[in-house]
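**Student:** For this one, chain A is given, so just place chains B, C, D, E and F with the ligands on it according to the hints.
Here is how the chains run, residue by residue.
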Amino acid sequence: MLRRLLASRATPMFLFALMLLAGGSPVHAAAVQPVEMLPLSNLSAGDTAWMMTSAALVLMMTGPGLALFYGGLVRRKNVLATMMQSFILMSVVSVVWAVIGYSLAFDAGNSFIGGLRFAFLREVGAAPAEYAPTIPHSLWMIYQLMFAIITPALICGAYAERMKFSAMLLFSIAWLLGVYCPMAHMVWGKGGLLNAWSGGQFAALDFAGGTVVHISSGVSALMCALMLGKRRGYGKVPMPPHSVVLSVVGAALLWVGWFGFNAGSALSASPLAVGAFVATHFAAATGALGWAFYEWLKSGKPTVLGAISGAVAGLVVITPASGYTTPMYALLMGLAGGVFCALTSTKLKHWLKYDDSLDAFGVHGAGGTLGAMLTGVFAVAAVNLPTAYAAPAGQVARLGWLEGNHVVMFNQLVATVLTWVIAIVGSLIILKIVDVLVGLRVGEEDEYDGLDLSQHGESGYNLEDAFSATFAGGGGATLLQEELQVVPAVSHH
Amino acid sequence: MLRRLLASRATPMFLFALMLLAGGSPVHAAAVQPVEMLPLSNLSAGDTAWMMTSAALVLMMTGPGLALFYGGLVRRKNVLATMMQSFILMSVVSVVWAVIGYSLAFDAGNSFIGGLRFAFLREVGAAPAEYAPTIPHSLWMIYQLMFAIITPALICGAYAERMKFSAMLLFSIAWLLGVYCPMAHMVWGKGGLLNAWSGGQFAALDFAGGTVVHISSGVSALMCALMLGKRRGYGKVPMPPHSVVLSVVGAALLWVGWFGFNAGSALSASPLAVGAFVATHFAAATGALGWAFYEWLKSGKPTVLGAISGAVAGLVVITPASGYTTPMYALLMGLAGGVFCALTSTKLKHWLKYDDSLDAFGVHGAGGTLGAMLTGVFAVAAVNLPTAYAAPAGQVARLGWLEGNHVVMFNQLVATVLTWVIAIVGSLIILKIVDVLVGLRVGEEDEYDGLDLSQHGESGYNLEDAFSATFAGGGGATLLQEELQVVPAVSHH
Amino acid sequence: MLRRLLASRATPMFLFALMLLAGGSPVHAAAVQPVEMLPLSNLSAGDTAWMMTSAALVLMMTGPGLALFYGGLVRRKNVLATMMQSFILMSVVSVVWAVIGYSLAFDAGNSFIGGLRFAFLREVGAAPAEYAPTIPHSLWMIYQLMFAIITPALICGAYAERMKFSAMLLFSIAWLLGVYCPMAHMVWGKGGLLNAWSGGQFAALDFAGGTVVHISSGVSALMCALMLGKRRGYGKVPMPPHSVVLSVVGAALLWVGWFGFNAGSALSASPLAVGAFVATHFAAATGALGWAFYEWLKSGKPTVLGAISGAVAGLVVITPASGYTTPMYALLMGLAGGVFCALTSTKLKHWLKYDDSLDAFGVHGAGGTLGAMLTGVFAVAAVNLPTAYAAPAGQVARLGWLEGNHVVMFNQLVATVLTWVIAIVGSLIILKIVDVLVGLRVGEEDEYDGLDLSQHGESGYNLEDAFSATFAGGGGATLLQEELQVVPAVSHH
Amino acid sequence: MQMIEAIIKPHKLDAVKTALAKIGLLGVTAVECKGFGRQMGHTERYRGAKMDVGFVPKVLLKICVKTEDCQKAVDSIVEAARTGEVGDGKIFVTPVSQAVRIRTGERDEQAL
Amino acid sequence: MQMIEAIIKPHKLDAVKTALAKIGLLGVTAVECKGFGRQMGHTERYRGAKMDVGFVPKVLLKICVKTEDCQKAVDSIVEAARTGEVGDGKIFVTPVSQAVRIRTGERDEQAL
Amino acid sequence: MQMIEAIIKPHKLDAVKTALAKIGLLGVTAVECKGFGRQMGHTERYRGAKMDVGFVPKVLLKICVKTEDCQKAVDSIVEAARTGEVGDGKIFVTPVSQAVRIRTGERDEQAL
Ligand SMILES: Nc1ncnc2c1ncn2[C@@H]1O[C@H](COP(=O)(O)OP(=O)(O)O)[C@@H](O)[C@H]1O
Ligand SMILES: Nc1ncnc2c1ncn2[C@@H]1O[C@H](COP(=O)(O)OP(=O)(O)O)[C@@H](O)[C@H]1O
Ligand SMILES: Nc1ncnc2c1ncn2[C@@H]1O[C@H](COP(=O)(O)OP(=O)(O)O)[C@@H](O)[C@H]1O
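Chains as they are written, first to last, in our numbering: chain A, 1 to 493; chain B, 1 to 493; chain C, 1 to 493; chain D, 1 to 112; chain E, 1 to 112; chain F, 1 to 112.
Same shape as in the complex, but just chain A (with noise of 0.2 Å):
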């Protein structure tokens, strides 16, 4: 229902968002001023350090965090196909990002997208470009492709157990270039539409990505999930996570890894990567502690895959705000993150019965738009002050809501609605399109087997030594000839 309505409306929305483009674009178009590059003079090492390790931070996210999450959730016969959908998009988005990706996000373009300028990474290198002026330029960029490969990765969540690998891979794609480009380009990109540090039309606060890295993920798997469907038997058989276990790991790895998601994102070792730092830990500690308690009360046990999820929806909603707010409103914000996604991964998912498997859009949709309002109300002047929002000479500066500047929450209402509109739009055309070209969905007996056998020929355990080391030959697992002599295996029949 929803799924065929969305669909039938893809193309006004699509007209519409154009207009909005539209609107802005040639305004600003000749604007822009090309990025500008620093002397190597400006170089910091003790910046360079923390960027770097802030860069192999981001990377663990994905892998083997986010896979070890995912993976753990699955059923076992899909684990290996969860894993391998986080491991090899930190290899495809990492040769798209280099060819075009990088230059179409961060080179200064129009309000919506980037130019060709840095396509193949040319002048990327270790003069420091204006946007890190204390890093080499290729630092920013690998920091940023690492924001790249998380964020497709994020979707798995919704079509995991079901979508072919061949369409995951197309789509994947498509969506970096179509969706997570122009994103990046507005919110952060020389002269983006949103971006509050260099004359964004509208001043968003966006510290390291709830727009563009959750909401429009969160969003575009909730597209996802629709047009796929329901895995088969989904509300008639359980499907339970194979092993809580490995969710933890991963959880715990998110966790640690998002210091240099946050923190990173201060693009410096100094004092407000340090604040982005202590938020990011406080809202995770009482984002686990929110959905913890919630179904404790409501359902009288706490469980650990709530508590793990928890802290996923705490870092989800402080992200934009991290470097923005206070410890002690990070705290208030994790809790809030923590009960409203427990909410929207629970009643919500099951009242409008769609099958986001892992709750991507629960989580990351849902948190990250609840986490773009709050960073409106909570941001704090003197904790980080846009350029957009400096008060005039002798005035004392507001920033958030709650320091009586309103105009913050309108332009955050503006990019969180532009960012769903986007995701919606592009994800619903780019799912059709590969639809058409490879289709979306395994059939039924490869679902029935598994992903893991049918997308890739493998199992993911193999722990009854008994079975797969002795049915050789006989019938049982053996090794054929045309790699291995052996003695030829026993037809049966």
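Treat the hints as calculated values from the structure; they're not laboratory data.
Heads up, some of the hints might be wrong.
Pairs of lysine to aspartate or glutamate, DMTMM-like flavour, derived with a Cα cap of 25 Å [what the hints assert, rightly or not]:
(1) Lys62(D) x Asp52(F)
(2) Lys50(E) x Glu445(B)
(3) Lys62(D) x Glu85(D)
(4) Lys230(B) x Asp52(F)
(5) Lys50(E) x Asp108(E)
(6) Lys62(E) x Glu32(E)
(7) Lys353(A) x Asp52(E)
(8) Lys432(B) x Glu447(B)
(9) Lys62(F) x Glu464(C)
(10) Lys353(B) x Asp446(B)
(11) Lys301(B) x Glu445(C)
(12) Lys22(D) x Asp52(E)
(13) Lys62(D) x Glu32(E)
(14) Lys50(D) x Glu5(D)
(15) Lys62(D) x Glu464(C)
(16) Lys50(E) x Asp355(A)
(17) Lys432(B) x Asp355(B)
(18) Lys353(B) x Asp75(F)
(19) Lys50(D) x Asp355(C)
(20) Lys50(E) x Asp355(B)
(21) Lys62(E) x Asp75(F)
(22) Lys432(A) x Glu445(A)
**Tutor:** This is chains B, C, D, E and F with the ligands only, laid out in the frame that chain A set:
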């Protein structure tokens, strides 16, 4: 027996402890100056980078490090509950720390406990505090928080597989405020009784937490083991680790994370930090060899569990000495730790017949005590000289016993004994109170079914797709209507 | 066959190697100046922070990274023994390194081996050595130790599932002293024969260890595979990985840790480090794609094991080039590595019929060799120019073949061949000696039962609570009286 | 009494359980097993080594019934477990000379 | 000879093994299984999805005995396995026409 | 018809399968099990706690055959499964009164 004895002796011991405290405090309460704040110009990007990295590493020690190490050692039916204990402490301790814990530990106050100046993280911002002059005060606070998280988490090893989740939460919170904060203040807090760097009466050497973290948690763990009693069937049915594989991963992560723990305790990216880094690594190495070779000689086979336990033991022993001794002494201390803890975790435990499920006392209590004393023996003035031991002009400074400084041994002894007393008394009192409030142990049925099911309503592994995925409706694992509309489950009887 | 051949040829090859050495050494022994120490004022906090982080990352590659990668690839019954090989090397190598290994590798000495000046870490303290002028000498020492740990650990892949624990220990120690230390000295040590930065006769390019680490370990691995012979049943019964899940986690951690390995080899938080970081990441990405797509084309399905193996292959190939080439060339090198190693690990292995259990040669030996040559091809003077290739005044410097420098190809070839010779000869001699001393292989029964049980008396997983927890007393798993007082086990016969 | 041993496809377990419940048979014991027969297994590849896994996961059900209920039980199992494709499985019936309910010590038909 | 098949609670396995050993029966084969019957299962929740796991883990013991030892064996199993609570399990006895010890080829009663 | 139940060493499974295939018996159901008997188990140690694991992993094969094929089948199993060492296992034969192929409903000998 021992248990009853301890219980009966609790009150007198407590009074004795109080006297001890009383003895010191009034004298000093006056003398202590408030914690000084330094100008932002003091900040070093390099030190800030390293300390953020260290804080992340120390958090990684608890999750996933300790969660895996302990989770692998319990039986399958308790794996999630055990990992949850580490994970939830990452949340709960953080909140308590922000509200009041940090202030009690690190505001000036008297010789035993800090004041309330930093409650709710007031004045904990970008400006460095005198504790760590080159990094933001908030970074020092969050770094210390990571220590406050892992310390109660270490205790889980003693009450694993039988403590109520609610009791575990209450105990941990009370223990943090009643035992950890005072200990941290006495050893590291400004004007603390044992602080060798700011005029403590007993200048004890504890670079990274031998007393504060390991003795206090290990001894408290012993109290838990005694108060809770043995797991049902202990000594009759075997209770083998359900996955030493997980424990090896956990131990390796602990080893890596410990660099943040010890080298981070230098609070700067300095030669002192590097020295601690090197000592830490070598002690872990010989610790593993010590335990494994002890087993090899004794029972003919070196076990993997022995090797990883030994590495942790070596790390525990070197912790207080890491910033005071040389690489070669570190090799010796690690070796001693590996062998000693092998004895306390096998012989001693079986001889005294308490059930320290995962040897939290055997490794952390015993190892911490050994480390505290050996630190006195092997400390080297040339490596790092606390103000308390500064030599009169013209004379050569002596720090360790081997260098001819005997008073340090006395101070180490005082610190060790005092920590034991506070840990014993504090833990017994808290355990008694929690027992009265909610009861410490789960019921027999719950213990038999396992804590995963009884405390959290989950199971760690669902590996039999056949059974988890097909027993729907007909009485097998099935989604009840409550949450999802399903064909009504056939009722059987 | 090949095995006998090699054995018989060992002596002549050894003599040839000796001649080679003799050829150079006397000439140079004299020439080499002692390693210089620099003033503390040279220290940089930023560089020190990054190098401590890098050292931690490289240790993480071995444990848990490699332990998981290899542990997942073996059969269930050998998982612990395989993880133990990585873990125990973290211990054993550290001790050997402190006592003498470091000195043999990095004291000046002659062109082939260092002297004893740094034995027992004498003079290895806070003052920087000329090797790494901005960090403490001890940090350089411990960073190099992490390389010395992982190199022999890589060899485990070849003798997995059948080598005695004792033999494995003896082999590794002898190999470290007899093969690794000389190699490290020749390539990186002051006055080393192949050192392009301090007047080596053959100025070979090896930024982070293509020859020293990968060729030397990979070729030695091949020798182990040949000398030990195949696992019993190899080629007849299948030997599938017992948990590719663990291997994916391990591979992801290797990828992340490799940033410390390659970018750390810049020994500073500099643009050079960032360049290596970027090249490393891109090569891993295309390596994974190369192997997976090769499989996709060849057998219709891209496997997860293929993707992770390819990522490692790409990392191996880029290692020597990471600090000498550009991101775009890195993409090419990684791709070549992925495809090439896919061929050597499947076709070549089956064609030559040796049992390199986990393809230590197929990936590290073959990939390392390819990488060494490609480094010569793709090196770029503008990225990083070794003193040996400095251009005469006024002329433009050329480094790689593509830049028109042909001599570099010759030097790469010499370095590669020499490494092969030393690895082959050294390994064969050591293996023969160890075989005589303790025997290389476990007995048939022990191999059948698995190394976990036969070498360590443990099993990796105890997942059947029913069986592990209830078969007590009555003959099932039961605590014997020796350690615990139990109802006597009923004897059956 | 008769012991019915039915080897079925795992995903039919639920249907069979329900069918048996319909005719009042609530006691069943299920065992995971691997079947060899006409139905083919699948193939896996690890680093080029191709493995043909010849067995198929099945579930073995043991149901002890009064002799007079036996036919009815067999028929409803056949009906519930059939997909019409190779591999549906088999049912074997063997006589049971004695049955006991451990809890009560009740014997034979009372024990079921 | 008779084949005794006993379905018992897993934690009673030890007691039953010991009881059988007492009367000289040392050969036993044990199989993990899942039981459905009067005894209820448990409930799990994952992100709000409530699952009622209806089966209970059991162990199936197969013991082949001389016909004259059968009653004794059954009785001692009943005694050792009883807890008095629902779910204690069942014992089924079926006739065995032939037994062979693979190692020696010995037949029937010598084979046990 | 007869039901042959053979308890064998896991690594003999392949040989037995092949032997049965040779005499035209392709249908087999295999179950993992644990055996107690003369063959001894092994010992494990965890932090000094010594555990004697008394059971041995075995595989239980169930093969339903026409009565006239029974002896042949038993003999070839014995031959294929024998190593001569303690623990080779046992074979038990019990009568089967009825067999059904679920897919087709075929009965008895046609069902095998
Ligand atoms: N003679 C037999 N004895 C025991 N089990 C058998 C026998 N024949 C078949 N089976 C079991 O029945 C299952 C299904 O048989 P199969 O020949 O694959 O298909 P179908 O039942 O449709 O003929 C097999 O996997 C095996 O477990
Ligand atoms: N008719 C039957 N056929 C086969 N197994 C049965 C039968 N009835 C019960 N069982 C097995 O016996 C177990 C215990 O039976 P249950 O009804 O739960 O308790 P009780 O034995 O106390 O009546 C069940 O879990 C099931 O495994
Ligand atoms: N009486 C019996 N009933 C059922 N299974 C038995 C019996 N005796 C032995 N077994 C099974 O046969 C296996 C082998 O028997 P065992 O006594 O160890 O060696 P052998 O068969 O050489 O005498 C045992 O592990 C057990 O599984």
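**Student:** Are the Cα positions of lysine 432(B) and glutamate 447(B) separated by 25 Å at most?
**Tutor:** holds, 21 Å
**Student:** Given the proposed pairing of lysine 62(E) with glutamate 32(E), does the C-alpha separation stay at or below 25 Å?
**Tutor:** holds, 11 Å
**Student:** Are lysine 50(E) and aspartate 355(B) close enough, with their CA atoms no more than 25 Å apart?
**Tutor:** Violated - the C-alpha atoms of aspartate 355(B) and lysine 50(E) are around 35 Å apart, more than 25 Å.
**Student:** Do the alpha carbons of lysine 62(D) and glutamate 464(C) lie within 25 Å of each other, as the hint requires?
**Tutor:** Holds: lysine 62(D) and glutamate 464(C) sit about 22 Å apart, inside 25 Å.
**Student:** Given the hint that lysine 50(E) pairs with aspartate 355(A), does the C-alpha gap stay at or below 25 Å?
**Tutor:** Answer holds: lysine 50(E) to aspartate 355(A) is near 16 Å, not above 25 Å.
**Student:** Given the hinted pair lysine 301(B) and glutamate 445(C), is their alpha-carbon gap at most 25 Å?
**Tutor:** holds, 17 Å
**Student:** Just to be careful, I want the Cα atoms of lysine 22(D) and aspartate 52(E) compared with a cutoff of 25 Å; is the pair within it?
**Tutor:** Judged against 25 Å, a Cα distance of about 20 Å means the pair holds.
**Student:** Hinted pair, alpha-carbon criterion (25 Å max): lysine 62(E), aspartate 75(F). Please report holds or violated.
**Tutor:** holds, 22 Å
**Student:** Given the hint that lysine 62(D) pairs with aspartate 52(F), does the C-alpha gap stay at or below 25 Å?
**Tutor:** The given pair, whose Cα atoms are some 32 Å apart, is violated under the 25 Å limit.
**Student:** Take a quick look at whether lysine 432(A) and glutamate 445(A) sit within 25 Å of each other, Cα to Cα.
**Tutor:** OK: lysine 432(A) and glutamate 445(A) at ~23 Å, within 25 Å.
**Student:** Below or equal to 25 Å on CA atoms is what counts here, so check lysine 62(D) against glutamate 32(E).
**Tutor:** Holds - the C-alpha atoms of glutamate 32(E) and lysine 62(D) are around 13 Å apart, at most 25 Å.
**Student:** Need the status of pair lysine 353(A), aspartate 52(E): alpha-carbon distance at most 25 Å?
**Tutor:** The given pair, whose Cα atoms are some 21 Å apart, holds under the 25 Å limit.
Comparing the model with each numbered hint stated earlier shows that hints 1, 5, 14, 18 and 20 do not hold.
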